[in-house]
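The lines below spell out each chain.
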Amino acid sequence: AQSVTQLDSQVPVFEEAPVELRCNYSSSVSVYLFWYVQYPNQGLQLLLKYLSGSTLVKGINGFEAEFNKSQTSFHLRKPSVHISDTAEYFCAVSRSGGSNYKLTFGKGTLLTVNP
Amino acid sequence: NAGVTQTPKFQVLKTGQSMTLQCAQDMNHNSMYWYRQDPGMGLRLIYYSASEGTTDKGEVPNGYNVSRLNKREFSLRLESAAPSQTSVYFCASSEAVGTSGGFNEQFFGPGTRLTVL
Numbered sequence: 001a002q003s004v005t006q007l008d009s010q011v012p013v014f015e016e017a018p019v020e021l022r023c024n025y026s027s028s029v030s031v032y033l034f035w036y037v038q039y040p041n042q043g044l045q046l047l048l049k050y051l052s053g054s055t056l057v058k059g060i061n062g063f064e065a066e067f068n069k070s071q072t073s074f075h076l077r078k079p080s081v082h083i084s085d086t087a088e089y090f091c092a093v094s095r096s097g098g099s100n101y102k103l104t105f106g107k108g109t110l111l112t113v114n115p
Numbered sequence: 001n002a003g004v005t006q007t008p009k010f011q012v013l014k015t016g017q018s019m020t021l022q023c024a025q026d027m028n029h030n031s032m033y034w035y036r037q038d039p040g041m042g043l044r045l046i047y048y049s050a051s052e053g054t055t056d057k058g059e060v061p062n063g064y065n066v067s068r069l070n071k072r073e074f075s076l077r078l079e080s081a082a083p084s085q086t087s088v089y090f091c092a093s094s095e096a097v098g099t100s101g102g103f104n105e106q107f108f109g110p111g112t113r114l115t116v117l
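Going down the list, the protein sequences come from chains A and B. The first sequence: position 57 = 57 (the numbering used here), numbered continuously. The second sequence: position 109 = 109 (the numbering used here), numbered continuously.
So here's chain A without its partners, still in its complex pose (with noise of 0.2 Å):
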């Protein structure tokens, strides 16, 4: 079975900062790992997904996450955030290959963007 920890439930940052949210998984199978966006009182939007190759994915509105094998993390990074960026951001989980069919989350990270 596959678990997902995100280790802040809340994250304040101001307008054009940087940002990053953590992300740290368990599994005893290679994994594939998720992103997912819940902007206000909406369903959940796919941000970015790694499967294999390159260990720095980019997803939609600027985002990049990097996956760390030695430390099973899945951190989210932005450069400069906006405004727009306030929302609920969830890490996911789900075994690679085989009968893939199940998505594991996690609590999720309510990232709020002040002016």
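If you're looking for bench data, these hints aren't it; they were derived computationally from the structure. Here a beta-carbon is modelled for each residue, glycine too, at the ideal position from N, C-alpha and C. A hint or two may mislead.
Unchecked claim - Heads up, simulated SDA-like pairs for lysine to any residue below, C-alpha to C-alpha not over 20 Å straight-line:
| hint | chain 1 | residue 1 | chain 2 | residue 2 |
| --- | --- | --- | --- | --- |
| 1 | A | K107 | B | P110 |
| 2 | A | K107 | B | E59 |
| 3 | B | K14 | B | V88 |
| 4 | A | K49 | A | N61 |
As the list claims (entries may be wrong) - Pairwise CB distance ranges (calculated):
| hint | chain 1 | residue 1 | chain 2 | residue 2 | range |
| --- | --- | --- | --- | --- | --- |
| 5 | A | Q42 | B | S84 | 40 to 46 Å |
| 6 | A | E15 | B | G63 | 27 to 33 Å |
| 7 | B | T5 | A | T72 | 44 to 50 Å |
| 8 | B | D26 | A | K58 | 27 to 33 Å |
| 9 | B | M27 | A | L51 | 15 to 21 Å |
| 10 | A | S54 | B | P39 | 44 to 50 Å |
| 11 | B | K9 | A | N61 | 23 to 29 Å |
| 12 | B | M19 | A | S26 | 20 to 26 Å |
Following the hints, put chain B in place on chain A, whose structure we already have.
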């Protein structure tokens, strides 16, 4: 192409009442899922359907039933609602690929906000 649609958007029930949440997808996906989202808990899987004709329990199935009506539709039923089932419910679908290199990108509906009094 509407993606994943859910009805209703909002619902208020009294304890003991029953209701069915509807979900449909037009992406020809094989797999469909029901999650509930509670503050500080993230998303938890209630039930999923890997393919038409199959359903399986997820992390929190108690108090719920599901029906995979056809490839497009996957409904969630609360037979006797309880206040603990107050939550936001999300349906999702994905093209479950079982071969090496495949992945499980899930596409989510807008959610149903349910309150049980």
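Now the hints, each set against the structure:
Our distance criterion of 20 Å between C-alpha atoms is met by A/K107 and B/P110, whose separation comes to about 19 Å. In summary, the hint linking A/K107 to B/E59 is supported, as the alpha carbons are separated by about 14 Å, within the 20 Å threshold. As the CA atoms of B/K14 and B/V88 are separated by approximately 16 Å, the hinted pair is consistent with the 20 Å bound. The hinted pair formed by A/K49 and A/N61 meets the criterion: a straight-line CA distance of about 14 Å does not exceed 20 Å.
In this structure, A/Q42 and B/S84 break the distance hint of 40 to 46 Å, their C-beta atoms being roughly 25 Å apart. At about 43 Å, the beta-carbon gap between A/E15 and B/G63 misses the expected band of 27 to 33 Å. In this structure the supplied range 44 to 50 Å is violated for B/T5 paired with A/T72, their Cβ-Cβ distance being about 36 Å. Restraint check, B/D26 to A/K58: a C-beta distance of roughly 29 Å satisfies the suggested window 27 to 33 Å.
Under the hint 15 to 21 Å, the C-beta atoms of B/M27 and A/L51, about 19 Å apart, fit the expected range. For the hinted restraint 44 to 50 Å between A/S54 and B/P39, the CB-CB distance of approximately 35 Å leaves it violated. Look at B/K9 against A/N61: about 26 Å separates their beta carbons, and that is inside 23 to 29 Å. Distance hint check: the CB atoms of B/M19 and A/S26 are about 36 Å apart, inconsistent with the given range 20 to 26 Å.
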